[in-house]
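Trainee: Sequence:
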Amino acid sequence: IFELETLQELRIDTDFRNAVTVTLLDGFAEVFGAELPPNTPIYYAKGSKFAIFTWHHAKIQVIGKTEDSYLSKETRMKEYIELHSHIQEERDNNMRERKPG
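In terms of the UniProt record's numbering, the sequence shown opens at residue 1 and continues consecutively.
Hints are computed from structural coordinates only; laboratory data are not their basis.
A few of these clues could be false.
Label-pair restraints from in silico Cβ distances [claimed, not checked]:
1) D68 with N94: 37 to 45 Å
2) E74 with F28: 15 to 23 Å
3) D26 with S72: 42 to 50 Å
Think of the CB as a built atom: it goes at the ideal place given N, C-alpha and C, for glycine as much as any other residue.
Work the whole structure out from these sequences, hints included.
Mentor: Printed below as a string of C-alpha cells:
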C-alpha cells in the first residue's frame, strides 16, 4: 500500500511476465487524466508503465509484482494544467473576438 501526498505520483513499471491490479483505497487519484474509481480494482497488463497522480492525497493498493514502483514529487502535472489553462484562455479570447482557431 502506498500513501501519496499532495501533488505526488506513484510510478509503476510492470515487467513482461507479470500484470498488476491497482485499487484506490482512499482519496482521489488519476492515471493519464482519468480518475481512478474508489475501491475498484483496475488491471494493468504485463509490460505496462504508468503513473498515478493525486492533487490532494490518495492511498493506493498494488497487487502483483512490479519491475519498479516508487513515489515522486517530480511531476509535470502543474505544467500541463498551466498549458491547458493558457490554451483555453486563447480559445475563449478567439470566441469573443470571433476569430477562427
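Trainee: If a hint holds in the structure, say so; if it does not, say that too.
Mentor: Hints, verified against the model:
no.: 1; hint: D68 with N94: 37 to 45 Å; verdict: holds (43 Å)
no.: 2; hint: E74 with F28: 15 to 23 Å; verdict: holds (20 Å)
no.: 3; hint: D26 with S72: 42 to 50 Å; verdict: violated (20 Å)
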